[in-house]
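Undergrad: One-letter residues, chain by chain:
Number of protein chains: 2
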Amino acid sequence: MNFKSIFTTVALAATTLVSNAQTDSVMMRHIFDEALVNGKCYENLHYLCKNIGQRLSGSANAQKAVDWSKKLMQDYGFDRVYLQEVMVPHWVRGAKEQGYIIDGKTKTPVALCALGMSVATPANGVTANVIEVHSLKQLDTLGEAGIKGKIVFFNRPFDERFIEQGTAYGTAGDQRNAGPGAASKYGAVAVIVRSLTSALDNYPHTGATNYGKNKPIPAAAISTIAANQLSELLKKNKSVQFYLKDNCEMLPDVLSYNVVGELTGSVNPNQIITVGGHLDSWDLAEGAHDDGTGVMQSAEVLRIFKALDYRPKHTLRAVFFMNEENGDRGGLKYAELAAKNKEEHIAAIETDEGGFTPRGFSFEKASPAFLKNINAQWKSLFETYEAGRLVEGGSGTDIGPLRETVPSVMLIGFRPDSQRYFNIHHTPNDVFENVNKRELELGAGTIASLVYLIDQHGLNF
Amino acid sequence: MNFKSIFTTVALAATTLVSNAQTDSVMMRHIFDEALVNGKCYENLHYLCKNIGQRLSGSANAQKAVDWSKKLMQDYGFDRVYLQEVMVPHWVRGAKEQGYIIDGKTKTPVALCALGMSVATPANGVTANVIEVHSLKQLDTLGEAGIKGKIVFFNRPFDERFIEQGTAYGTAGDQRNAGPGAASKYGAVAVIVRSLTSALDNYPHTGATNYGKNKPIPAAAISTIAANQLSELLKKNKSVQFYLKDNCEMLPDVLSYNVVGELTGSVNPNQIITVGGHLDSWDLAEGAHDDGTGVMQSAEVLRIFKALDYRPKHTLRAVFFMNEENGDRGGLKYAELAAKNKEEHIAAIETDEGGFTPRGFSFEKASPAFLKNINAQWKSLFETYEAGRLVEGGSGTDIGPLRETVPSVMLIGFRPDSQRYFNIHHTPNDVFENVNKRELELGAGTIASLVYLIDQHGLNF
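Chains as they are written, first to last, in our numbering: chain B, 178 to 638; chain S, 178 to 638.
Note that these hints are calculated values from the structure, not bench results.
Check before you lean on any hint, since a few could be wrong.
To be verified - Label pairs and their computed distance ranges (CB to CB):
#: 1; chain 1: B; residue 1: K227; chain 2: S; residue 2: D336; range: 22 to 32 Å
#: 2; chain 1: B; residue 1: S408; chain 2: S; residue 2: A237; range: 57 to 67 Å
#: 3; chain 1: S; residue 1: S202; chain 2: B; residue 2: S408; range: 43 to 53 Å
#: 4; chain 1: B; residue 1: T348; chain 2: S; residue 2: G635; range: 35 to 45 Å
#: 5; chain 1: S; residue 1: E262; chain 2: B; residue 2: Y224; range: 30 to 40 Å
#: 6; chain 1: B; residue 1: D486; chain 2: S; residue 2: N391; range: 45 to 55 Å
By construction, the Cβ of each residue, glycine as well, lies at the ideal position given by its N, Cα and C atoms.
Full structure from sequences and hints, please.
TA: Written out as structure tokens, the structure reads:
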């Protein structure tokens, strides 16, 4: 049964007191059946991971991913498929990094990788004493006297008491994001950062650092096992040194693209509901969970509606943003064009927390009244699919710039289970094999359901 | 801060309008902090999986697991630790099974394993034509004319539309449980069953079959990839044959044990709250998720209370049941002794659905009024930990027999995320490496929280 016949049935039944909620629950059941029985996002993700692979902004693979994504949306027969031009940074890692701990005559190699946007060390690397710190504030206390000429080692672990791992990441992340710049201010010669994860293993986790206005110094992440080892050695011997060699380079900006597919609204084509993730990935693996799953779910949402013959009232857009990882240029461009083209945006949903079992959504800056009402009306619909968590909270990096240019838009973050994401995030382990087909598909069904409900009822809670 | 000081603080505050819910939320926060920061279940599970390993009922490893578990609980200083004697079946797989598809002159080996409790084939195996069926009912239609002398191939896949994978397992499971007995009735010479999983891979999934009063015939599970392959070949050529050789044997029953640890109730020591899982596992791997995680969580619940210096009102029992996989003798013995010893049981909670992120609990035969009230009072407490799903539903095989002998008990199933369990369930892939530390610990915290709430407030909803 396609959606038209469902709708006819329900429309007839409506005269005998079928509520909106019943119509909605019938439609959601069909959305999930389509996602779970005929789903395409898993095989699409396989292609993206295995036939294209890593796709850092500015790379040849990023361009391949753009071309393939555009063709995918065209082949699905979306009403409009187009590219948005955007200049992106082109950082390259260069030859594999090297690093080891020097404890007297013993050199112990450690698992490490340069942070994204890091500068290179001199050709023969950097060797220096190590000062371990647990916060940026501690740098101010140490000052130049304690830091100058040293390698600063940020080693504050995740706080395990947080239930959502994203919160632990958020509260530890300043070490990687702002740590190198802050250490540079006091004359550090390099920075090494404990990988941002709860897992105790030997994967280094890359990720962008932002020097701000400070002089760039080489910066790398070391695995949590290596971080513990270094910390233990420093307790016994303060003169332990570290050797770091990396070969990063910042090349000129490159022309790249956001990839956009649309189903045109039948009633209010000028009002837009966006669902998106980012097409670029880090260079160490396949960008499976970060964020291959997100872009493939975004396309899947529109595919599901086409398969069910559902004609949306508003224009639905799947957006594959470029350059989330090290610049957010795609997100900024999308927001700039939205304002320039005087677009009306009802809602934007980002899926960039991995393709894990859905738990619900977070609504950015939602008022208590909004939360109370949306939960009263929609929570039980999502609880049928075990995704009934509708809370206030952040949305996503790509859609974030819309909050400046289209202030009326509701920004929404898709919230999957968070426990495993930061075990593989930004590591060589972010590969297709770590994605579960059903978890990915349940996420697509959950996002499509929210898009459907917004399309039918709006968000005036 | 230990629990006594928390309680004192809260007790003082109570005079100024602190509600039960606030006391409870403070205590739950401390339970989770203990589980996540000082948790021991992950390292205990490592020992059980790596130093003992597979522990099928009647095996030497099962006895090792009993001895180690008893010592673990004694070392934790539980008030009472003891064994319950129980005779268990002793089925052994024997030498590795063999199986292949015979299509003309082509022999294609397939991934397979005997079902638990299967009998052996003759020494030179069984070779026969194959009849593919999708239900037990279909056997009645085919009758002896269609079945006699053949190998029956049950090939109904999981229904992907179910959200909980346990439901898909439940509705496909008759093929493995009752299929071989039913096929034997019509003269089949052997049975092969599509592995009970959504995953398309090459792992065969074992699991018990129950012949009932029918003559036992050899029965094996084949991987889903092999099942699809065989089905495709049968479409082209009905004379395709299958060769099966297995070497199973049923030995005499063996004396084994449930392992029980208790914290004695300070107010009502004769009223018991049980939390348990099963210590035995299948023989193909380490029984990590099935059910090493469950027993380690059960002991962890009591350990957490001791660590927090929480003195329960009622007697809390951690029970490591023996023989869930192929006989349920431990569960039956526990229920028999409960009746014999005239024990009062308030609630029994089973954790046997894997060590995945907690979603909530199912309450067996809970009335609508019970569900309404328990959700009104406790759901929000659990939602803080993303485990607020409190629904009607099944509990567990081990605690199930209590419903006959202690009818007043509330039977409760711990419900973790179900999406990955049946990818590894009963396969060589059920190993420690597939358990996530935080997911396991969050489960322990969730179960301990429910035990605490029942201990404080009972279940009179």
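Undergrad: Hint by hint, say whether it matches the structure.
TA: Hints versus structure:
no.	hint	verdict
1	K227/B x D336/S: 22 to 32 Å	holds, 29 Å
2	S408/B x A237/S: 57 to 67 Å	violated, 42 Å
3	S202/S x S408/B: 43 to 53 Å	violated, 35 Å
4	T348/B x G635/S: 35 to 45 Å	holds, 38 Å
5	E262/S x Y224/B: 30 to 40 Å	violated, 58 Å
6	D486/B x N391/S: 45 to 55 Å	holds, 49 Å
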